[in-house]
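**Student:** Chain by chain, the residues:
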Amino acid sequence: GAVVSQHPSRVICKSGTSVKIECRSLDFQATTMFWYRQFPKQSLMLMATSNEGSKATYEQGVEKDKFLINHASLTLSTLTVTSAHPEDSSFYICSAPTGGIFTGEQYFGPGTRLTVT
Amino acid sequence: RKEVEQDPGPFNVPEGATVAFNCTYSNSASQSFFWYRQDCRKEPKLLMSVYSSGNEDGRFTAQLNRASQYISLLIRDSKLSDSATYLCVVKYGGATNKLIFGTGTLLAVQP
Chain A
37 GAVVSQHPSR
47 VICKSGTSVK
57 IECRSLDFQA
67 TTMFWYRQFP
77 KQSLMLMATS
87 NEGSKATYEQ
97 GVEKDKFLIN
107 HASLTLSTLT
117 VTSAHPEDSS
127 FYICSAPTGG
137 IFTGEQYFGP
147 GTRLTVT
Chain B
-3 RKEVEQDPGP
7 FNVPEGATVA
17 FNCTYSNSAS
27 QSFFWYRQDC
37 RKEPKLLMSV
47 YSSGNEDGRF
57 TAQLNRASQY
67 ISLLIRDSKL
77 SDSATYLCVV
87 KYGGATNKLI
97 FGTGTLLAVQ
107 P
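Chains as they are written, first to last, in our numbering: chain A, 37 to 153; chain B, -3 to 107.
Bear in mind the hints are in silico, worked out from the structure with no lab data behind them.
Wrong hints could be hidden among the right ones.
Taking lysine to aspartate or glutamate pairs in the EDC-like style, the calculated list, with each CA pair at most 20 Å apart, reads [unchecked claim]:
1) B:Lys41 with B:Glu52
2) A:Lys77 with B:Asp3
3) B:Lys38 with A:Glu141
4) B:Lys38 with A:Asp101
5) A:Lys77 with B:Glu(-1)
6) B:Lys94 with A:Glu88
7) A:Lys77 with B:Glu52
8) B:Lys94 with A:Glu99
9) B:Lys94 with A:Glu141
10) B:Lys41 with A:Glu141
11) A:Lys77 with A:Glu141
12) A:Lys77 with A:Glu88
13) A:Lys100 with A:Glu123
14) A:Lys50 with A:Glu88
15) A:Lys77 with B:Asp78
16) B:Lys94 with A:Glu95
17) B:Lys38 with A:Asp124
18) A:Lys77 with B:Asp35
19) B:Lys38 with B:Glu(-1)
Restraint-style ranges between C-beta atoms, simulated for each label pair [what the hints assert, rightly or not]:
20) B:Asn8 with A:Gly97: 21 to 27 Å
21) A:Leu62 with B:Leu76: 27 to 33 Å
22) B:Ala16 with A:Lys50: 24 to 30 Å
23) A:Thr116 with B:Arg37: 20 to 26 Å
24) A:Asn106 with B:Leu76: 40 to 46 Å
25) A:Leu104 with B:Gly54: 29 to 35 Å
26) A:Gly97 with B:Gln27: 23 to 29 Å
27) A:Leu62 with B:Arg55: 27 to 33 Å
28) B:Arg37 with A:Ser109: 28 to 34 Å
29) A:Gly97 with B:Lys41: 24 to 30 Å
30) B:Asn8 with A:Gly52: 39 to 45 Å
31) B:Pro10 with A:Ser90: 27 to 33 Å
Derived contacts from chain B toward chain A, CB cut-off under 7 Å, selection only [unchecked claim]:
32) Glu39
33) Leu42
34) Asn93
35) Thr99
36) Gly100
Backbone N, C-alpha and C define an ideal beta-carbon position, used for all residues, glycine too.
In isolation and in its complexed conformation, chain A is listed as follows (with noise of 0.2 Å):
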């Protein structure tokens, strides 16, 4: 079953508003977790790097004051995006680490599909 969760899985919303997504770890602690952004028939790219009880750490050219991180506990970090414009339209996935010896292995949340109009 699912290890990693996402609320909401589809959201759509007017430009100008705000708009929070949540990950959550089903049963175990993740101390980090990783923020990814997807456009259609684009790869993943990192956003952030969502780290417990400190800032989150951004990728060059994703406006952190755009994207709020709060990862207030091991076990939920959540995404806001505010101001959202139509080009905010995208599919956001959350990612945790799994811990094991195969450091690099993570456990993606099924995703978030967000529509600005």
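Fit chain B to the given chain A structure using the hints.
**Tutor:** Positioned in the frame of chain A, the structure of chain B alone reads:
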């Protein structure tokens, strides 16, 4: 130049065919390598890790050539259910678990 490059395809093959995907990476400090599978509008799922000695999992064989910075995936006896996008994924060294994804190769297995 992209950090991880793949032929986007699509690869259209008949059932039972053998198909091979290639991937190159630019950062010689890359430490770990993976193939993920992504179905349409779904999240990626780990298919297999790639080891220096090469490794096999059923119909799937992965190879790594560090000198050439090249990774491959071979699928034998293709099934309809193998139709998906195959993502080449690289992890750099160090403490971070940050993964770098290729753009993916689309495979369509035809009946």
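**Student:** Run the structure past the numbered hints and jot down the numbers of the failing ones, going up.
**Tutor:** Going through the list in order, the structure violates hints 4, 7, 11, 12, 14, 19, 20, 22, 25 and 31 and respects the others.
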